[in-house]
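Engineer: Sequence:
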Amino acid sequence: MKVTILISYFILIIGLGIYSWLKIKEPSDYFVAGKRSGFWQISGSLLATVLGGSAILGTVNLTKDQSWAAAWYLLAASFGLWLLVPLVGKVNRLGKYTLTNLLGQFYGETARKAASIIIPLAWTGIVAAQVIASAKILFSFFNLPYEQGVLISGAVFILYTLIGGQISIIKTDFVQSFIILFGVMLTAFFLWDMPEQVPGFSSAFPFNAQFSGIDLLILVLTFSSTFVVGPDIYSRVFCARDEKTARRSVRLVASILIPFAFILAYVGVFAFSHLPGENLEGSAALIEVIGFYLPEWIAGLMAAALLSAVLSSADTTLLTSSMILSELLNPDINNLKSLKQTRYFIVLSGIISMVIALKVTSIIGTLLLALAFYSGAFLVPLVAALTNWKVNKRLSILAMVAGGIIALGGKITAAYYGSDVGNWMIVSAFVVNAGILMIPEKR
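Using numbering that gives the first Met the number 0, the letters of the sequence shown map in sequence onto residues 0 to 442.
To be clear, the hints were calculated from the coordinates, so they are not data collected in a lab. Fair warning: there could be bad hints in the mix.
[Unchecked claim] BS3-like, lysine-lysine: derived pairs with alpha carbons at most 27 Å apart: (1) K389 with K441; (2) K112 with K441; (3) K112 with K63; (4) K89 with K389; (5) K22 with K336; (6) K339 with K24; (7) K24 with K34; (8) K389 with K95; (9) K22 with K112; (10) K95 with K24; (11) K89 with K392; (12) K358 with K63; (13) K34 with K358; (14) K95 with K34; (15) K392 with K95; (16) K95 with K112; (17) K22 with K243; (18) K63 with K24; (19) K336 with K34; (20) K112 with K392; (21) K34 with K22.
Taking the hints into account, I'd like the entire structure generated from these sequences.
Structural biologist: Structural data, given as structure tokens:
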């Protein structure tokens, strides 16, 4: 049953991809779906992008240590989207194809080129996190060795993104978002009727011994911020047909994430409360609880839902970073030469992400390292640009590089040495970034 449902799902998704490929008439169709997407299309694609495999599997796995406080992971995403709402109209109005193009409008050509190198480097880690998540899905459902799962899923990502570009992504994400929501909520519904009890909510949320107020601050700075100035989020905004459509879509998705965060936390708390430890070793808790407690047809549906989550984030991230690299070679990518270059970069970036996934197997760890570097570099400069701060544009590159390196160093220190020094380094990254930008320009 699981295999049948999974094969049917892949046929549907590939069919939509091929159909979309036939609809591509010019480069803008491939890059921003012709900038014609409506409210439901943008909402579905944005939701599917946010709820990637790393977000869903990672949130559930976080409950092992953080219990109910793991809900903060998606709550932080929701918070970031709410912060984006007042800025989204300007982003849609000024943006063309990529975030780096938007950045270049404020800080100049040199800053745009620097960002076009930095962002793909960081975003390669995001794609790698999706590859890791998909390999864990294949391991848990079909007992496929992790290394084989990385190679198979990576190849699928590359081919899938290569086919239809943004038109394909928008269409398939709309379908995938419903599969994700329905599958996870159905799982929670079945578990709710189980006689087993779960640990108390009030004793573990909002904070507990494993998740403190400073942890939340770091999560907001390094994770929520990427939903305010993230290239994958902006890529959805650029596809919207107008400002109103983009703003309504961001509001809807931000609202949906709030209850969904607690649903995922509940599933995770249930899994780690009742499943044997050996069942969870090297696997994904969400998948194990599905296989242990739920009927096989739901397991098949959830296999499709989880792979949907992975695909919907990986394709958007891979295409976005490849477009940015192509734009590094040619500021105006609305031409066939840049379209060809983008496809080359999709293959290259996908392969590098697979190599990373073979070396690093922590979903959330890989994701947060990449996001820490990105947020430390770009949150302050982009917010300053969108809100018309008076800044020193000549020092923008120095601010980005310094902020990114300090934030990454802090995240590594906090993750591998368990030191509060690392957390304060992350906080200082944003202070240093802002401080450099606020240095008065010499006349």
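Engineer: Give a verdict on every hint.
Structural biologist: Evaluation of the provided hints:
1. Between K389 and K441 the CA atoms are separated by roughly 14 Å; this keeps the pair inside 27 Å, and the hint holds.
2. At roughly 24 Å between alpha-carbon atoms, K112 and K441 fall within 27 Å of each other, so this suggested pair holds.
3. Taking the CA atoms of K112 and K63, the gap is about 42 Å. The hint is violated against a cut of 27 Å.
4. The hinted pair formed by K89 and K389 meets the criterion: a straight-line CA distance of about 17 Å does not exceed 27 Å.
5. Taken as a hint, the K22 and K336 pair is honoured in the structure, with Cα atoms around 19 Å apart against an allowance of 27 Å.
6. For the proposed pair K339 and K24, the alpha carbon gap of about 14 Å is at most 27 Å, so the pair holds.
7. Taking the CA atoms of K24 and K34, the gap is about 13 Å. The hint holds against a cut of 27 Å.
8. Of the pairs offered as hints, the one joining K389 and K95 holds, with about 24 Å between alpha carbons and a cut-off of 27 Å not exceeded.
9. Simply put, K22 and K112 have alpha-carbon atoms about 31 Å apart, too far for the 27 Å limit, and the pair is violated.
10. Simply put, K95 and K24 have alpha-carbon atoms about 18 Å apart, close enough for the 27 Å limit, and the pair holds.
11. For the given pair, K89 sits about 20 Å from K392 by alpha-carbon distance, which is consistent with the 27 Å threshold.
12. At roughly 23 Å between alpha-carbon atoms, K358 and K63 fall within 27 Å of each other, so this suggested pair holds.
13. Pair hint K34 plus K358 does not hold up; C-alpha atoms about 38 Å apart against a cutoff of 27 Å.
14. With a C-alpha separation of about 9 Å, the suggested pair K95 and K34 falls inside the 27 Å cut-off, and the hint holds.
15. For the hint pairing K392 with K95, the CA-to-CA distance comes to about 21 Å; that is within 27 Å, so the pair holds.
16. Using a Cα cut-off of 27 Å, the hinted pair K95 and K112 holds, with the two alpha carbons roughly 16 Å apart.
17. Restraint check: the Cα-Cα separation between K22 and K243 comes to about 26 Å, which is no more than 27 Å; the hinted pair holds.
18. Distance restraint check for K63 and K24: the Cα-Cα separation of roughly 49 Å exceeds the 27 Å cut-off, and the hinted pair is therefore not satisfied.
19. Between K336 and K34 the alpha-carbon distance is near 20 Å, which keeps this suggested pair within the 27 Å criterion.
20. Straight-line distance between C-alpha atoms of K112 and K392 comes to about 14 Å, which keeps the hinted pair within the 27 Å bound.
21. Distance restraint check for K34 and K22: the Cα-Cα separation of roughly 14 Å lies within the 27 Å cut-off, and the hinted pair is therefore satisfied.
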